[in-house]
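Engineer: With these hints in hand, go ahead and build the complete structure from the sequences.
2 protein chains.
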Amino acid sequence: MTGNNEHLFLIFENLFKIKSECSSEILCGCGLPDITLKQIGYLKIIDRYGEITFSKLAEVTSNSKPTISEMINKFIQMECVYKKRSLQDGRVFHICLTEKGQTICRCEQKALFRLTEKMNYSLTEDEIKTLVRILKKVK
Amino acid sequence: MTGNNEHLFLIFENLFKIKSECSSEILCGCGLPDITLKQIGYLKIIDRYGEITFSKLAEVTSNSKPTISEMINKFIQMECVYKKRSLQDGRVFHICLTEKGQTICRCEQKALFRLTEKMNYSLTEDEIKTLVRILKKVK
DNA sequence: AATCAATTAGTTAGGCTTTACCTACATATA
DNA sequence: TATATGTAGGTAAAGCCTAACTAATTGATT
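So the sequence lines, in the order shown, correspond to chains A and B.
First residue of the first sequence? That's 1 in the UniProt record's numbering, and the numbers climb one at a time after it.
First residue of the second sequence? That's 1 in the UniProt record's numbering, and the numbers climb one at a time after it.
Hints may contain errors.
If chains are identical, the list can't say which one is meant, so a pair holds when it fits in one copy or spans any two.
[Stated by the list, open to error] For lysine-lysine, the following DSS-like pairs were computed, each having C-alpha atoms within a straight-line distance of at most 30 Å:
no.	residue 1	residue 2
1	Lys100	Lys139
2	Lys17	Lys56
3	Lys19	Lys65
4	Lys19	Lys44
5	Lys19	Lys129
6	Lys83	Lys100
7	Lys129	Lys118
8	Lys38	Lys74
Bear in mind the hints are in silico, worked out from the structure with no lab data behind them.
Structural biologist: So, in structure tokens, the structure goes:
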């Protein structure tokens with residue numbers, strides 16, 4: 001029992017390490033070493049909406065509009081988002097993620113995808129089926 | 001191939017989600033919602049040394065000594081570390097992690113351990129052996 | 001239909017608090 | 001005297017705010 005758990009721990013520690021190396025690599029590739037957790041959180045909200053106006057973003061993040069203006073200006077400098085003027089209403093801007101912005105907020109998913117690619121590469125089709133069958137049971 | 005990868009992705013996404021729920025739970029349990037990544041980084045350095053003096057910590061983190069004093073005072077308030085006066089030299093203090101401090105910087109390991117416990121609980125011994133055998137191959 | 005006031009979206013200016021640093025100087029112990 | 005740590009006071013950046021501004025739209029009124 002304990003021996004098994006020990007083994008499992010070491011095996012999964014290795015897998016988690018591989019994944020976190022992938023995500024560090026992806027994030028480093030964006031060239032924004034000083035990005036903060038808060039900023040990533042806001043990028044994720046923008047990603048969730050696909051496109052969002054300043055007012056709506058102020059509303060959903062419970063911030064004032066000037067705070068959002070400032071934040072978005074910084075994001076534009078960082079090349080994470082861009083502004084798109086609305087055709088219906090000239091006062092309105094839609095905030096969209098750039099490629100880089102998407103990479104940052106989907107970093108963990110991309111890293112996980114790389115990990116599964118590595119598995120696909122190292123394992124046979126049968127082994128993968130067995131793996132899926134067993135791990136499906138874990139709740 | 002692609003189908004397999006898709007399956008693997010979903011299965012592991014679930015496992016990673018379970019683990020990250022565990023680590024959030026552990027961290028929330030510490031009652032320090034405003035702790036920063038920098039602070040956690042410094043706690044990990046203290047953990048690595050086991051016990052460390054102010055001067056040494058200033059040296060290894062490339063900070064000035066007053067910066068360390070200030071940081072440690074905050075950590076003491078947060079109940080993450082305590083000071084222990086050296087018996088050999090009354091000028092020297094050793095900085096040690098409290099239980100809470102250890103919990104914070106070993107949070108990811110504890111979460112991984114909880115995940116493997118869940119696996120142990122959900123799977124048979126044979127399944128675990130198969131799992132270990134297969135996953136050992138992933139590089 | 002033309003116009004002008006009110007409303008709305010976003011910006012600018014200026015200010016506050018906290019984090020995370022610093023230097024210069026003070027205190028206690030060796 | 002030299003060394004370990006502490007105190008005082010200061011800086012820059014992050015992340016927030018309010019008040020006042022500009023530009024576009026809406027809608028009531030002539």
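Engineer: Now look at each hint and say whether the structure bears it out.
Structural biologist: Verification of the hints:
no. : hint            : verdict
1   : Lys100 - Lys139 : between (34 Å within a copy, 28 Å between copies)
2   : Lys17 - Lys56   : between (38 Å within a copy, 29 Å between copies)
3   : Lys19 - Lys65   : neither (37 Å within a copy, 36 Å between copies)
4   : Lys19 - Lys44   : both (20 Å within a copy, 20 Å between copies)
5   : Lys19 - Lys129  : both (21 Å within a copy, 23 Å between copies)
6   : Lys83 - Lys100  : within (15 Å within a copy, 44 Å between copies)
7   : Lys129 - Lys118 : both (15 Å within a copy, 21 Å between copies)
8   : Lys38 - Lys74   : both (13 Å within a copy, 22 Å between copies)
Comparing the model with each earlier hint shows a violation of hint 3 alone; every other hint is respected.
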